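These protein sequences, in sequence, are chains A and B. When you line the first sequence up against this note's numbering, it's residues 15 to 349, in that order. When you line the second sequence up against this note's numbering, it's residues 55 to 357, in that order.
There's no promise every hint is true.
[What the hints assert, rightly or not] Computed, partial: chain B to chain A, Cβ under 7 Å:
#1 T120
#2 L122
#3 F123
#4 D124
#5 D125
#6 M202
#7 S206
#8 G207
#9 F208
#10 S276
#11 G290
[Claimed, not checked] No more than 27 Å apart at the CA atoms, straight line, and that leaves these computed lysine-lysine pairs for DSS-like:
#12 K321/A x K311/A
#13 K237/A x K260/A
#14 K239/A x K260/A
#15 K104/A x K87/A
#16 K147/A x K162/A
#17 K104/A x K71/A
#18 K162/A x K200/B
#19 K278/A x K294/A
#20 K200/B x K220/A
#21 K237/A x K200/B
#22 K197/A x K147/A
#23 K105/A x K278/A
#24 K246/A x K147/A
#25 K200/B x K236/A
#26 K239/A x K172/B
Hints were generated in silico from the structure; no laboratory data involved. Quantities reported herein were computed from a predicted structural model and do not represent experimental measurements. Note that the Cβ used here is the ideal one computed from N, Cα and C, for glycine as well.
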Amino acid sequence: MRKLMIGVLLAATVIASPIGVQQVNAAGAVVKIDGSSTVYPITEAVAEEFQAATRGKVRVTIGVSGTGGGFKKFCRGETDISEASRPIMKKEMEACKKAGIQYVELPVAYDALTVVVNPQNNWIKSLTVDELKKMWEPAAQGKVTTWKQVNPAWPDVPLKLFGAGADSGTFDYFTEAVVGKAKSSRGDYTASEDDNVLVQGVSMDKSALGFFGYAYYAENAKKLKAVPIAAKAGATPVAPSIDTVKSGAYQPLARPIFIYVSAKSLEKPEVREFAEFYLKNAATLSEEVKYVPLPDKAYVMALDNLKAKKTGTGFGGIPEVGVSVEDLLKREGKH
Amino acid sequence: MSNGKSHLSHSPMRLAKERLVEAILFLAAFASVAITVAIVGILLYESLGFFRHVSIVEFLTDTQWTPLFDDAHYGILPLAAGTLVTTGVALAVAIPLGTIIAIYLSEFAPHKMREIIKPFLELLGAVPTVVYGYFALIFVTPLLQKIMPDLSGFNMLSAGLVMGIMIIPYVSSVSEDAMRAVPMHMREGSYAMGATRFQTSVRVVTPAAFSGIAAAYILGISRAVGETMVVAIAAGMQPNLTWDPTQPAATITAYIVQVSLGDLPHGSIGYQTIFAAGLTLMLITLIFNIGGYLLTKRFREVY
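Just chain A, with the same shape it has in the complex (with noise of 0.2 Å):
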């Protein structure tokens, strides 16, 4: 569906210039883009414009693979940007290494990863990091299926589960936030990388709960119902939003979202204006889709990295959780 999208996108910016076809067969310049779903509508938008801007002289194409399926391409150099919801692990590094690619960190937007039921769901208000938890470990696999398990206050109706697939970063973010461990998840559950199929999953579902990045929700305000989330039983429930992102009351489930720009891609004339050109309108468009702009202090910093091409990444590539906007600029300052 996206890719159809982004295929309607395309001949809209080649009908929308004035020369048409002709001048897009000629230039050639493509810009290849893969990774997580999350990033993905801000990249589209960036993509949207950057070819609007250039006159369609360069063909920018987007896949969604998943934050760990991007850097897996990106590792083996098929792609010159890969979209990440978490920062790059290890394993990927050493395989990036490996390969001999280099890469520069560009945080671009903070998402509220957010936990959603159906609007026919009457006894959610809110949940614990613990009730999600019971939900989704491990141990739970196979065991929990009812509501009722989970709080014994809950109906006891069938707990239907979707959510992000093993090759996503929210995926692995999630796990780590509620679980303890990046990848640590029952498997019994609805899985997918494209999050679109995760919205129909729960808008259709009465007793249904899935989670992804809260653009997905945006977007569907109507069909789904987002669920306050309290860190600890007891602590007072935040519910996803812009403002409680910022503020950072939005815990544990808020977090940094980036690209990751090959260094050797940026040679690339039009990698590199694409490169720039994100970031200089990320504020703005991260904004309308739905996203947490950072502080414009963190762009003009992560523009700098690009342009001294400054490779490597603020984090150890061990999971983190809770990495607040203040955190995030430190560490992309140092590196």
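Model the placement of chain B on the given structure of chain A, informed by the hints.
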């Protein structure tokens, strides 16, 4: 004429040409054999790697399939059950409807009607399966939810029903061909005995054409077992060992597309599961085909 004769039998050029044509024809026929053997070979080879990690007993008896997760289980049963349930639902639609349509078209329909219905049937078979998938998810499932409010958003029932509609043309057109091939004198004999048109078509033509009709059913089954897009879109991709069609489940094919999308590294156990699943799928189809072959042989009518 006499000149021509010597020309025919003695020209080496002509002989060489004939040989060449024969060789090309043989290669074309042989290619299909070679490709099949190669596919089976690759499936077996890569599956061997899988079965070095996972015992066949575990593969066949474990009731969970979660190869990409922490608590990894490699039981093919949930996927096989998903495949069989969706296939069952599809056949419950396609076989009765397909057979009835075939009987109508072959025995009852006036020529004009046939000319109208046939193209529509063929069109039904030409609709891309991805369209059927979204048709099931966006149209059929909400409709079913009105009747069964507790139906999951993704379920095998809706996928199976739509798959059944998709298979109807395969079943009906092959069955109809078989029925039309039944010699006219058999029908005439039946009428002469005082049988009605309905009695003739059900008691004489259908049994006489049974081997062809069985072949049509087998074709339908293979099509349903191997169908991917419809179940991947509408059935939920959740490995779930259940025989209840109202539940979401993943089929073998749906699992294969799902993991292939995620770009698995070559040689990893996740990568090898694709081939083990593929091999299982091939064996299921093979069993149905052999069964069909034996069935058609047993019931073949010779005129």
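Hints and how they fare:
no.	hint	result
1	T120	holds (3 Å)
2	L122	holds (4 Å)
3	F123	holds (4 Å)
4	D124	holds (5 Å)
5	D125	holds (4 Å)
6	M202	violated (12 Å)
7	S206	holds (5 Å)
8	G207	holds (3 Å)
9	F208	holds (6 Å)
10	S276	violated (27 Å)
11	G290	holds (5 Å)
12	K321/A x K311/A	holds (15 Å)
13	K237/A x K260/A	holds (25 Å)
14	K239/A x K260/A	holds (21 Å)
15	K104/A x K87/A	holds (16 Å)
16	K147/A x K162/A	holds (15 Å)
17	K104/A x K71/A	violated (37 Å)
18	K162/A x K200/B	holds (26 Å)
19	K278/A x K294/A	holds (21 Å)
20	K200/B x K220/A	holds (13 Å)
21	K237/A x K200/B	holds (17 Å)
22	K197/A x K147/A	holds (13 Å)
23	K105/A x K278/A	holds (20 Å)
24	K246/A x K147/A	holds (12 Å)
25	K200/B x K236/A	holds (20 Å)
26	K239/A x K172/B	violated (48 Å)
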